[in-house]
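Colleague: Okay, here's what each chain looks like letter by letter:
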Amino acid sequence: MIDVQHLSKSFDLNKKQQAELGIKSSRVHAVDDVSFTCQPGRIYSLLGPNGAGKTTTLRMIATILRPSSGTVKVDGHDVVTHPREVRAAIGFLTGSTGLYQRLTANEIIEYFGKLYQLDKATLARRKDELFSLLDIHEFAGKKIGQLSTGMKQKVSIARTMIHDPQVVVFDEPTSGLDVITAENIIKLIRDCKTREKTVIFSSHIMSEVDLLCDDLGIIHKGKLCYEGTMDSFRQQFREFTLTEAFIRVVNQPAPIA
Amino acid sequence: MSSILTIVKKEFLDTFRDRRTLITMIVLPLVLFPLIFGLSFTVQKSLAEEAQEKELKVGLIVEGNQAAELIAAVEATPKLSLIRGIALEDTASLIRNDSLDLILRIDASFDSALVRFESARAMIYYLGTEDDAVRKRLEAPILAYEQTVLAQRMQALSISPATVDPVNIDTSHDLATTQEQIGKLAGGFLPYIFVLFSFIGCMYPAIDLFTGEKERGTMETLLTLPVNRLDLLVGKMIVVATSGVVSALVGIISLLVSLQFLDIPDMLREPLLDMAKPLTIGLLLLMIIPLAVFFAGVLIPVATYAKNFKEAQSLITPLNVGVIVPAAIGLMPGIELNVGTALIPILNVALASKEMLAGTVDFGLLALVFLSLIALAAVSVVLSVKMFGRESNIMRA
Chain A
50 MIDVQHLSKS FDLNKKQQAE LGIKSSRVHA VDDVSFTCQP GRIYSLLGPN
100 GAGKTTTLRM IATILRPSSG TVKVDGHDVV THPREVRAAI GFLTGSTGLY
150 QRLTANEIIE YFGKLYQLDK ATLARRKDEL FSLLDIHEFA GKKIGQLSTG
200 MKQKVSIART MIHDPQVVVF DEPTSGLDVI TAENIIKLIR DCKTREKTVI
250 FSSHIMSEVD LLCDDLGIIH KGKLCYEGTM DSFRQQFREF TLTEAFIRVV
300 NQPAPIA
Chain B
741 MSSILTIVKK EFLDTFRDRR TLITMIVLPL VLFPLIFGLS FTVQKSLAEE
791 AQEKELKVGL IVEGNQAAEL IAAVEATPKL SLIRGIALED TASLIRNDSL
841 DLILRIDASF DSALVRFESA RAMIYYLGTE DDAVRKRLEA PILAYEQTVL
891 AQRMQALSIS PATVDPVNID TSHDLATTQE QIGKLAGGFL PYIFVLFSFI
941 GCMYPAIDLF TGEKERGTME TLLTLPVNRL DLLVGKMIVV ATSGVVSALV
991 GIISLLVSLQ FLDIPDMLRE PLLDMAKPLT IGLLLLMIIP LAVFFAGVLI
1041 PVATYAKNFK EAQSLITPLN VGVIVPAAIG LMPGIELNVG TALIPILNVA
1091 LASKEMLAGT VDFGLLALVF LSLIALAAVS VVLSVKMFGR ESNIMRA
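From first to last, the protein sequence lines stand for chains A and B.
Each residue of the first sequence is one higher than the one before, starting from 50 at the first, in our numbering.
Each residue of the second sequence is one higher than the one before, starting from 741 at the first, in our numbering.
Hints were generated in silico from the structure; no laboratory data involved.
One should not assume that every hint holds.
To be verified - No more than 27 Å apart at the CA atoms, straight line, and that leaves these computed lysine-lysine pairs for DSSO-like: (1) B:K1047 to A:K192; (2) A:K236 to A:K201; (3) A:K272 to A:K64; (4) A:K270 to A:K122; (5) B:K1047 to A:K201; (6) A:K270 to B:K1047.
What the hints assert, rightly or not - Heads up, incomplete: computed chain B residues facing chain A, CB under 7 Å, no partners named: (7) S743; (8) D754; (9) V967; (10) E1131.
Positions of the beta carbon are idealized from the N, C-alpha and C atoms, including for glycine.
The following block holds chain B by itself, in its conformation from the complex (with noise of 0.2 Å):
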């Protein structure tokens, strides 16, 4: 008992001691939120505000004097500048080279078609890549006299507008509430973000731990020692699991930061620190225990089995694919914690955490969802001591 604990208080010396280690342990899951929050809302931002804010400059198609009471409703609209004599051949390129931001055609028959009650025709010509926005700005005054327009013609044939409503769909009475919402949303992305975490912090100290020892000459030296092989594997065990805890944790810590000081939408971060209720905080790190002593458990094999650190990394990097697919399962909608899929390792831990967020989680999966990983995490540790028991591994340069 005391060789273990002296082995993991060394291990853990040597871990901190390694800038490679600690940068995708700590530094990574450290600034990874800021910097995708800071990034990602503040480009959104200032994107929407452009296409909000820019001086739009439409062109114009119109022969004679058709449509003069959309025209001016067109013109009257504010940040946008109608520019007349526009040849039909040329949208194309004007838009194209930025010259022209959208162009408004009218069809030659635009009056006579409102005069018979017909659908009179305004075309848009836009730039599908750009901001929908944009195109929007010059639609909604055009919607807006279609609106009169219509007002008009009912008017005129005595129709009223319940008439043409024979049906009222009301879509305004949802029940979820909005930490359902977000938890539905951000719940599957948030444990893929911490799975990864984990998984990544288990996996330098694993090759540093194991195929280090063969690297740097030093695995003969740990096995004349008077301790049990058994021993030695937990000690590091312990050292490799704790780390993908820990930079699990640094994740949750980091998003928690993020979320109170960046500036990112009230009706994001409210429902958000909302879900952060430490009950659920403390059921996600529970269930991340487990989990990153499976991932010790399949990582530890590889690293002992590898010969040098080159090695070591080729054979994980594939593991990777392992831990990204079934959390990125529990990304999608309709995918549901159920019997089966508390089974599924990762997949499980992703599900359970995104109904944990929405509040909405079943206690009794939850403890499946505990149990098969405990029981996945049993089966790991006894595969690493049979693998680390293995001569051949150990002793395989």
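The following block holds chain A by itself, in its conformation from the complex (with noise of 0.2 Å):
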């Protein structure tokens, strides 16, 4: 369960990234004062345009970013007094997530293991089942440079899950990726909705939010312009295709409870 409250996250800029970014003044406001609850055993998507703050939200939920105002809590731990059991309870990967090139898969996942404070028995079986589940076990031992895409993409997944998160975390997870690599974080998607975890993701396509969310929120400038149940707003936007809807959301003024 993560639950968001009047969140937000405003940056200070030097002279020389106001003008990179083409901003007056010296405060972006990145996420502003936004609010939301994501179920266990529910997937949330949190749909927006590039910049619109998606990023930093997440970041924030996974503990990187420290809120300037508002509270996180991840299964009742708030991010900012009690880190560490946030980031115990939440397993966080993103489309542009790497891997130690020179490491094999085997020693990438023991160390991440070890650091997840996984006892030596816990931390072999739970690597053992996912290298099954993923089909890690034949190409476990080779360096991750020589890995394909999909190799290297299913081993981040096994990378995620090895401490059996409560909380997933999704960052435009299949940005750069091919239908087929992209079909793997579908899957892991889903089974997380099976087996009764947090599921939150991020992504600009209003494709992949249809075909895998229970709940929908469309965040623009930092801003939340609609949160509801992805049924509802299939209804609401009867008449248009989502792509269109999400378009409508995004240029209102006003935002739609």
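Since each chain comes alone in its own frame, lean on the hints to assemble the complex.
Modeller: Here's what the structure looks like:
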């Protein structure tokens, strides 16, 4: 369960960054008073155009960034006061996540398992399960640098799930992947749902959202401009295609509840 | 604590699989000394031998039968042939195009000056870019001839040798031991190399372990682990600093091995080996540890800030100057370890090792060097912690 209340994040910009981004003020509000909750066993999708604040929001949930104001609770633990507990409960994966090129899949999974404080027996069992599930065994001893994109993606998934997290955060998980490789991620997200985990993922692709999500939040310019279940969204915008509906929500002046 | 250990182990494994890091950290310091010693001594030796051994062609410009005795003495010199009948206007071209090595020109009034007890002139034309030894081979018989003439004149005038040497300065009482002399010379040069090695040894691991995490897209993942950021930093810092120490250590080993097995003049080898006492080497290494921590502490904030390998390298390259300049100042004679210089980082290491190698170190000052290095290392660690904790650095991409 993820509970986000009045979450805001602003960044200070120096002169150079202001010039680069074409912004006059020295502060930008990347996320502005955002509230939503994600329930276990349901898939929450954060949809928004590039630069809307999706990544910043997810990074605050994953304790990578500190909120400027507002609270985030992950399974009851506050991200600011109890980051360790939050991190132990979360699995985090992005489309641009890399792996250590010179290590093998085995070594990477063991490294992360140890840092997640798994005991030896649990680590060995989880690793074996995941490697079987994802067909990693046959290339487990090869260095990551020698693997294909699809193989790397599988290792990344195993890395994300090694500590059996109750909450899974995916930041544009399929970006840059081909359809076949992206399918691994889709399967993973569905699998997390059936196992009653809390799943949140961000995307700017409506079709992907349509395929997976139960609850939808549309974010634009740092503000949440739509929140509701996917079913009610479909109902409300019956006469449009989903992509058209998405564009309408983003372009309208006032938020729709 | 166990997290730090896990991180250290993984980073060492990763570092030792990186060819670029291995080359700068191990291979470079390993081969540099044999290369420097091997090349410089072999080349120097063969050049010196050539200057001594080759047959010299000396052109002679003389009018009539002037300076017959002198010319006979020159002609009798081994491996030197006199070529007569050279025209004065050809001197420059003959020497420049290597037809002749030297030209000896006897003044027209040579004999008459000798008779009048005046200075008789003999001129040598040579190329100043060649080895001095060539010219000296021609000068030697002339100087010997001068001595005989001088002895004859003094006898004729009844002057004793003591009369023309009223004050005798005797410089044969040098109290400095060979170790001290060579220590002052080599002692400045060696730490210069170790300081550089330890910096270069830290450099690539720092870039790889910090900037590399960003470039590979593993930084985010790392930060979502239930590990304190301080533990992450400490684990990585241990690896970076150790790499610097290993690099310097390999340099020292390579130096000792080269001294033992390469063809190095004994007058240099023995005092150098003599200096390499276990205590000296031990103290040197002990000094390199806080120095390497300091280097790691300077490099890590830069590597944390940099977006990619290229940027990290361009930011770090100017830092090299900051390492080379104080180390080079330590090479200069006359700069000594005192309360002031003991506090200047890098320079203090160069000076302290110079004194240690010469066997003249003041242990009070050495302690001061250690203290200032440790204080500086601590400051740089705090700086690293701050920079690593800053969101804007970690997420700068």
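Colleague: Against each hint, give a clear statement of whether it holds in the structure.
Modeller: Now the hints, each set against the structure:
Restraint check for K1047 of chain B and K192 of chain A: the C-alpha separation of about 25 Å stays at or below 27 Å, so the hint holds. The suggested pairing of K236 of chain A with K201 of chain A holds, with an alpha-carbon distance near 16 Å, which does not exceed 27 Å. Among the hinted pairs, K272 of chain A with K64 of chain A is consistent with the structure: their alpha-carbon atoms are about 25 Å apart, no more than 27 Å. Taking the CA atoms of K270 of chain A and K122 of chain A, the gap is about 23 Å. The hint holds against a cut of 27 Å.
Pair hint K1047 of chain B plus K201 of chain A holds up; C-alpha atoms about 23 Å apart against a cutoff of 27 Å. With a C-alpha separation of about 26 Å, the suggested pair K270 of chain A and K1047 of chain B falls inside the 27 Å cut-off, and the hint holds. Hint on S743 of chain B holds. Least Cβ distance to chain A is approximately 6 Å, under the 7 Å limit. The restraint placing D754 of chain B at the interface with chain A holds, with a minimum CB-CB distance near 5 Å, inside the 7 Å limit.
The beta carbon of V967 of chain B is positioned within 7 Å of a beta carbon in chain A (closest approach about 5 Å), and the interface hint is therefore held. Hint on E1131 of chain B holds. Least Cβ distance to chain A is approximately 6 Å, under the 7 Å limit.
The structure meets every hint from the earlier list without exception.
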